[in-house]
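Spelled out, the chains give:
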Amino acid sequence: MPTRPESTRAQDDWQSLSRQYWEAWADATRKAFGAKPDEAPQDKTPWHEGLEQWSRFFSADKARDAQSEVVERLLAGARSYFALLQSLAEKGAEGNADPQAWSDALRESFNFPGADAALIDNPLARALRELAGQGAKGFEQMMEDLQPALNEARTLLGMPAFGYLREHQEHYQRMATAWLDYQQETNRYNALIARASRRAFEVFENKLAERGEPGRQIDSVRGLYDLWVDAAEEAYAEVALSDEFREVYGALVNAQMRVRRHLQQEVERVATDLGMPTRTEIDSMGRRLHDLHRAAKNHAENHDALHEEIAALRAEVERLKTHGKPLAPKSVRAAGKTAPRNARKTPGRE
Amino acid sequence: MEPIRIDPKRALEEALRAQQKLAAGMRTLREVEDVDYGATDKEPVHTEDKVVVYRYKGKQKPTARAPLLICYALVNRPYMVDLQDDRSLVKNLLALGEDVYIIDWGYPDGADRWLTLDDYINGYLRRCVDAVAKHAGVKKINLLGICQGGAFSLCFAALHQHKLQNLITMVTPVDFHTPDNMLSHWTRCMDVDLFVDTLGNVPADLMNWCYLTLKPLRLNQQKYVAMLDILDDKVELENFLRMEKWIFDSPDQAGEAFRQFIKDFYQGNKLVKGGLKIGDREVSLKNVTIPVLNIFAEQDHLVPPSASRPLGEHLGTKDYTQLAFKGGHIGIYVSGRAQREVPPAIHEWLAKRTR
Chain A
10 MPTRPESTRA QDDWQSLSRQ YWEAWADATR KAFGAKPDEA PQDKTPWHEG LEQWSRFFSA
70 DKARDAQSEV VERLLAGARS YFALLQSLAE KGAEGNADPQ AWSDALRESF NFPGADAALI
130 DNPLARALRE LAGQGAKGFE QMMEDLQPAL NEARTLLGMP AFGYLREHQE HYQRMATAWL
190 DYQQETNRYN ALIARASRRA FEVFENKLAE RGEPGRQIDS VRGLYDLWVD AAEEAYAEVA
250 LSDEFREVYG ALVNAQMRVR RHLQQEVERV ATDLGMPTRT EIDSMGRRLH DLHRAAKNHA
310 ENHDALHEEI AALRAEVERL KTHGKPLAPK SVRAAGKTAP RNARKTPGRE
Chain B
2 MEPIRIDPKR ALEEALRAQQ KLAAGMRTLR EVEDVDYGAT DKEPVHTEDK VVVYRYKGKQ
62 KPTARAPLLI CYALVNRPYM VDLQDDRSLV KNLLALGEDV YIIDWGYPDG ADRWLTLDDY
122 INGYLRRCVD AVAKHAGVKK INLLGICQGG AFSLCFAALH QHKLQNLITM VTPVDFHTPD
182 NMLSHWTRCM DVDLFVDTLG NVPADLMNWC YLTLKPLRLN QQKYVAMLDI LDDKVELENF
242 LRMEKWIFDS PDQAGEAFRQ FIKDFYQGNK LVKGGLKIGD REVSLKNVTI PVLNIFAEQD
302 HLVPPSASRP LGEHLGTKDY TQLAFKGGHI GIYVSGRAQR EVPPAIHEWL AKRTR
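So the sequence lines, in the order shown, correspond to chains A and B. With the numbering used here applied, the first sequence has no gaps in its numbers, which climb one by one up to 359 at the end. With the numbering used here applied, the second sequence has no gaps in its numbers, which climb one by one up to 356 at the end.
Looking at chain A on its own, in the form it has when it is part of the complex (with noise of 0.2 angstroms):
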């Protein structure tokens, strides 16, 4: 009988592995939601679409709405960690232990089917894109919106302005302009990410090696994410404490900043002409009101301090018309603490 080669059993072995997956991931959905799930995969990728299936039940389960941010943030993670998980069970399959070979597995399974071109090879950039705070994304979006009037506005940059709307378009020029200089310090910035990641890879594999010693060996997914997990954020900080990162990040948030202030001083003229109050009126009359609020609380205080020092001093009196002395200097102070030196000084004494 002849023996059929290593590569085609291995090949059958990881089909039959991937099937016993399948069948078990539709009984756990079966008892999770009573769906049926869709029919197993063709493609080369049936972990990986197990979890975008989740994310489509999750999506669909109306009582998940409390913890939604909490899953959405689990799925990304999960995301990731089975997409390893699969390409590293398909090395293993393959029986190639090289550690070269593990580091571009790695770097595979964050390069799944329908990743964004930019993020390939980049897992850092990935997960910098996966935070999901509306502070960023929602100027991202907002970017995203104005793309074709800061094209059109792209096009006047090189034009001298004149005429009656001349401060118009000097505006939009410098808007423009603003729009190109924080394109350019983001493409700076994504290419520190860029960095970081490349170095990650080698850091990853230089962790590997030292795993090589007796007892210290990987044997388990989840260990060798927490590897690259601890091999990534090592570049990444290599990176992100550096003086060029810092001077980076800084022209980034500033280029964006100056972009927002265009924009904001855009939407101020609509609103003028439209007769809408404007954020620099509202912050003004707000600044004018905190400073009120500020004397009229000084004041309140300084009322308290009079007040107290006036009853000490009655007190005084009172004691000068029964007993024809003032009281003892510790005593006005136990009774008016805030009373001001002269205040202790009698009548009859000046």
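Just so you know, these hints were derived from the structure itself, not from any lab. Some hints could be false.
[Stated by the list, open to error] Using 25 angstroms as the maximum straight-line C-alpha spacing, the simulated DSS-like pairs for lysine-lysine come out as follows: (1) B/Lys164 - A/Lys306; (2) A/Lys306 - B/Lys140; (3) B/Lys164 - B/Lys140; (4) B/Lys141 - B/Lys287; (5) B/Lys278 - B/Lys22; (6) B/Lys135 - B/Lys43; (7) A/Lys216 - B/Lys287; (8) B/Lys164 - B/Lys58; (9) B/Lys246 - B/Lys224; (10) B/Lys164 - B/Lys278; (11) B/Lys141 - B/Lys164; (12) B/Lys135 - A/Lys306; (13) B/Lys353 - B/Lys319; (14) B/Lys353 - B/Lys164; (15) A/Lys306 - B/Lys141; (16) B/Lys319 - B/Lys164; (17) A/Lys306 - B/Lys353; (18) B/Lys141 - B/Lys353; (19) B/Lys62 - B/Lys141; (20) B/Lys278 - A/Lys306; (21) B/Lys135 - B/Lys164.
[What the hints assert, rightly or not] Pair by pair, the computed Cβ-Cβ distance ranges are: (22) A/Leu189 - B/Asp281: 42 to 50 angstroms; (23) A/Asp252 - B/Gln323: 29 to 37 angstroms; (24) A/Arg297 - B/Tyr108: 21 to 29 angstroms; (25) B/Thr64 - A/Ser251: 46 to 54 angstroms; (26) A/His312 - B/Ser285: 28 to 36 angstroms; (27) B/Pro45 - A/Glu317: 24 to 32 angstroms; (28) A/Ala246 - B/Pro311: 33 to 41 angstroms; (29) B/Pro45 - A/Ala314: 53 to 61 angstroms; (30) B/Pro345 - A/Asn307: 40 to 48 angstroms; (31) A/His332 - B/Gln323: 54 to 62 angstroms; (32) B/Asp87 - A/Asp300: 54 to 62 angstroms; (33) B/Val236 - A/Ala314: 19 to 27 angstroms.
From the three backbone atoms N, C-alpha and C, an ideal C-beta is built for every residue, glycine too.
Using the hints provided, position chain B relative to the given structure of chain A.
Just chain B, lined up with the frame of chain A:
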């Protein structure tokens, strides 16, 4: 020897276990309501604008001779110190006999855009300290400042020391220019005037985004992968969600106070270099001659220990103690080790010094 020995079958088992956890998580997440927080009853004793001072109610009467006021940072909510029954610095301090008060700075909005550090430190904080002293019937109180609230407390002590008996700082940045301080590093080339003039109040989401980017993979991915392990455990999942709520329940930052804090502390490092003015008065740490206990976390990624450790050399006090805690910026309040080590350390230190 090969560094990796992952058997494909074992990888499959890992994947299946994770999927089973996810399936269980579907059920658990449906059972978990929006998490509650705060283990200890408290009552408001002072309010001003959005600021509230609460006094915690212990199961027994306090035995400490002076009240302890906790001054938390502006950038997070103060309930971290009393997150849940088995993770509560406050509860443990009360059990030891301390009389604990806390400042809740509230959520600044547009009306607070012009609040300065002078307003916060010489205004709100001073009046909170006065209110606690009056409420407790004492002339001087003990102050415990946390993180940015620790920096505020140091300034306050330098300016109004006669109102305090003892000062405790926890995870407090003092030297902002140590080489491993990533947050400070990033602010150095920022045009903070342009930043605040543009944004007004600084949105909490932007602040959180910045914190998450300090460790993007660990905080945004690995943490949630680890969450897979607890998806079938309702209690653990609630603990996780409670912490998650705290992390992202952040107030916006009042613009002017943020401007000054970044300029003078992060960029200028004036707390140690000198030249820091709050209102019209200069802050010198040499003026702090009362006893000071400085507690910092050895694995703190937000306030590295190197930023806290130098405090002693800048103070005027001869009674300085420091305590290095084995944990992180959050673990110092919520870990099991923290429950065992931190409250007794604070209590014993105070007991020896409070008159």
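Query raised in the report: Can the suggested window of 46 to 54 angstroms be confirmed for the beta-carbon pair B/Thr64 and A/Ser251?
Result: This hint holds: roughly 53 angstroms between Cβ atoms.
Report task. Below or equal to 25 angstroms on CA atoms is what counts here, so check B/Lys353 against B/Lys164. Result -> Cα-Cα ~19 angstroms, so holds.
Query raised in the report: Do the beta carbons of A/His312 and B/Ser285 sit within 28 to 36 angstroms of each other?
Result: holds (31 angstroms)
Report task. Decide if the proposed pair is consistent with the structure: B/Lys319 and B/Lys164, CA atoms, cutoff 25 angstroms inclusive. Result -> The given pair, whose Cα atoms are some 19 angstroms apart, holds under the 25 angstroms limit.
Query - Supplied distance hint 33 to 41 angstroms, evaluated on CB atoms of A/Ala246 and B/Pro311 - result: Distance hint for A/Ala246, B/Pro311 is violated at roughly 22 angstroms.
Query raised in the report: Has the given pair, A/Lys306 with B/Lys353, been kept, meaning a C-alpha gap of at most 25 angstroms?
Result: violated (38 angstroms)
Query - Range agreement (Cβ of A/Asn307 with Cβ of B/Pro345, hint 40 to 48 angstroms) - result: holds (42 angstroms)
Query raised in the report: Does the Cβ distance between B/Pro45 and A/Ala314 fall inside 53 to 61 angstroms?
Result: violated (25 angstroms)
Query - Hinted pair B/Lys278 and B/Lys22, Cα distance within 25 angstroms - result: violated (55 angstroms)
Query raised in the report: Do the Cβ positions of A/Leu189 and B/Asp281 conform to the proposed distance bound of 42 to 50 angstroms?
Result: Check passed, 44 angstroms falls within 42 to 50 angstroms.
Query raised in the report: Does B/Lys164 pair with B/Lys58 here, judged by a C-alpha cut-off of 25 angstroms?
Result: holds (24 angstroms)
Query raised in the report: Can the restraint linking B/Lys164 and B/Lys140 be considered satisfied, given a maximum Cα separation of 25 angstroms?
Result: holds (7 angstroms)
Of the numbered hints stated above, those contradicted by the structure are hints 5, 7, 17, 28, 29, 32 and 33, listed in ascending order.
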